[in-house]
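I would like the entire structure built from these sequences, with the hints used as guidance.
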Amino acid sequence: MRFKQVVNRALSALVLSTVVGGAVAASAQDLKIWTLTFDSDEVYSAWTEIIKAFEAANPGVKVDLVRRSTDEHKAALRVAARSDQGPDVFFMWAGQGLGGEFVKAGLSKPLDEYYKKYGWDSRLTRTSLAPSKIYPGGRHGVPYTFHGQALYYNKALFAKAGISAPPATYEELKADAAKLKAAGIPAFTFGGSVNWHLMRLMDNLLETKCGAEKHDALKAMKANWGTDPAVTESFRELHTWTANYVLTPFLGIDQAQSFNLFMANRAAMMLEGDWLVNQLREQKRLNDFAIAPFPTGTNRLYSFAEYYYVSKQSKVPDLAARFLDYLQSDAVQQKYVGILGSMSVNTHVKYSNSDPLEDKWREIFAKYNQTFVNGDQGFPLDVTTEYFRIINGVAGNTIAPESAGKTLQAFINNRK
Amino acid sequence: MARLSLRPDKQGYLLLAPAVFVYFLFAFYPMLDTVRMSFSSWNGLSAHRSFAGLDNYRAVLTADPVFWGALRNTIGWTVLAVLLPNLISFGLALALNQRLPGRSWLRVAFYLPVIIAPIAVATIWKWMYDPFFGLFNNLLTAWHLQSWIVDWLGDRHYALGAVFAAHVWQSVGFSMVLFLAGLQSVSTTLIEAARIDGAGRWAVFRHVTLPALRPTLAVVLVLSVVNSLKAFDIIYGMTGGGPAQSTQMLAMWAYTQAMQLGDFGKGAAVSVILLLITLVIVVPYLRWSLRPARSGK
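Residue numbers (this note's numbering), protein chains in the order written: chain A, 1 to 416; chain B, 1 to 297.
I should point out that these hints are in silico values taken from the structure, not numbers from a laboratory.
Every value quoted in this text rests on a predicted model; they were computed, and no experiment measured them.
Glycine included, C-beta positions come from ideal geometry on N, C-alpha and C.
Treat each hint with caution, since some may be false.
Distance ranges between label pairs, derived from CB positions [to be verified]:
(1) A:Asn353 <-> B:Asn227: 27 to 35 Å
(2) A:Gly184 <-> B:Phe232: 39 to 47 Å
(3) A:Ala400 <-> B:His144: 35 to 43 Å
Stretch-level coverage of chain B by chain A, calculated; a stretch enters the list once three of its residues show a Cβ under 8 Å from a Cβ in chain A [what the hints assert, rightly or not]:
(4) 38-47
(5) 62-75
(6) 235-246
(7) 256-262
Listed below are several chain B residues computed to face chain A (Cβ distance under 7 Å; list not exhaustive) [what the hints assert, rightly or not]:
(8) Asp9
(9) Pro131
(10) Leu153
(11) Gly154
In structure tokens, the structure reads:
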């Protein structure tokens, strides 16, 4: 009898605690944000402070930030796609190839009402907003950062090779590479094992040799990779660069190892994004490097946007939009200027006390009105994988430059 | 109240039931679902899958530029992984079965790599293979063997072999332990009897030790085959399938298709092909290796 009483009381306590606990959980608002691991401690600290401040300004709200590596983040989003355990807000690069995949699958909530409510169109930069408008049926995602990629060059190594100014044309770039080689200095370092690193060189070569319009058509798979001589010329240029002017070996190292080599002054240039300024700052090497755009001759900046999307399954879309509005607010963007990105997507941010490299990035962003996007954001994922394979194949001498374009076109033709 | 009573053979089913249920739920049902998915078109995000017939298999077998290379790599890796690490393990087990000073510590030392997570092994070896700062190339430079320096993970001629070396380092200890257990179960009476009859060391090994090790060999070979066919972590961590997909393996290609490229139908098709290869190798071998044991009853 006594045992039965104890069991009954324990069961009652369990039921009561579940009901009360559930009631407590239901009254607090949770906002789940899934994103990538950050490039630097500075960015992580900034996010921690931003979340704390948002929670303080919104009593009862708890923001849960989950960070993963790139592949794990994509896998987690797929696994959560059809469950209610997914995020309210998730990070993804803009463009058809990456963020577009989730939009096309109906997992992103259109944000037109919030664009109107918060006035994001008048607050954020035109170039960063452009990818939100590419989908039929509504605006998707909010710009988080807008990144440019350019040539970072080692000032001392350039001086050693007798190069007094960064290249303004592609011919000058090749001439500078030859001068560096004559001085015993590899022009570039790349991490070939992370395919997107060397892809940046290929994208810029396509822009240079094909021109803006044709490049866009090729990436949209509306032009033929197999028959255009400019494509073959681009792959030949890639082979020339990787055979003669890139620090070898490079196909087996990743971008982190490549950066270490750059820091060890083993190569004169890297083709990197504005985020590298933070990494150089952490290395205390800001004064050793300078930046110049890759001279494609098309007056377009090689760039991409990073976005946050609101999940269509979110039960708190208003809260999600409110957080994104807070993240892009004048106050937050001004406070963390130079940390989340060299250039804020908020047009009201003022820049002062910045490093020369950050000033240079702002000069670059101001100069270019048009952009072209990284191949892995423009292509569908399977075509990107084949694009990577062919680029590495040309660099590794397993695919001839003359057949690279045809190989890619054959893959595109075989897709359903 | 009547006592619940079962015949001993029926009690076995009852005791097995929970494990069978879990196996069905987490292994057998997902296998069936994967086979079904291989005939579907699904991106992992949409609510619905559409029937695709044999399209995925056709695409994998005729239009996939990576599949046949991955298949060759998988078969080559499996053949070598069954032979080389197990030969080394067997040798180590024979040696460490002797009364050697410090043999317990040696057994621990050879087993330790097994308990390191494969992705950690991949990271360790990747840094040792670093062409500029890594241990191997720096040692070769110090020994004036610069002509031997290669891009271990970036040259397609060496990359898979370099990854395989890391796999051998990690896996040798596991089979060694199994062989050791098998060696210790060999009847000493039979060995003594053979010696009394005039058998030398090689004859004892061939006619007493090896036959006694047959069940252990079967287990080791089956596990080696299965583990090799599903090789993933170490390759993912060291090369990601590169350079230019030259170290790609079927298990990883299936993962890539599904989880990275969002083509679950094709990923499932690659998985089913891998399963069929596994069954074709493992089932006949198991039937052959266990038959004499059954006929001996």
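Hint check results:
no. : hint                              : verdict
1   : A:Asn353 <-> B:Asn227: 27 to 35 Å : 57 Å, violated
2   : A:Gly184 <-> B:Phe232: 39 to 47 Å : 41 Å, holds
3   : A:Ala400 <-> B:His144: 35 to 43 Å : 36 Å, holds
4   : 38-47                             : holds (count 5)
5   : 62-75                             : holds (count 3)
6   : 235-246                           : holds (count 7)
7   : 256-262                           : holds (count 5)
8   : Asp9                              : 36 Å, violated
9   : Pro131                            : 5 Å, holds
10  : Leu153                            : 3 Å, holds
11  : Gly154                            : 3 Å, holds
Comparing the model with each earlier hint shows violations of hints 1 and 8; every other hint is respected.
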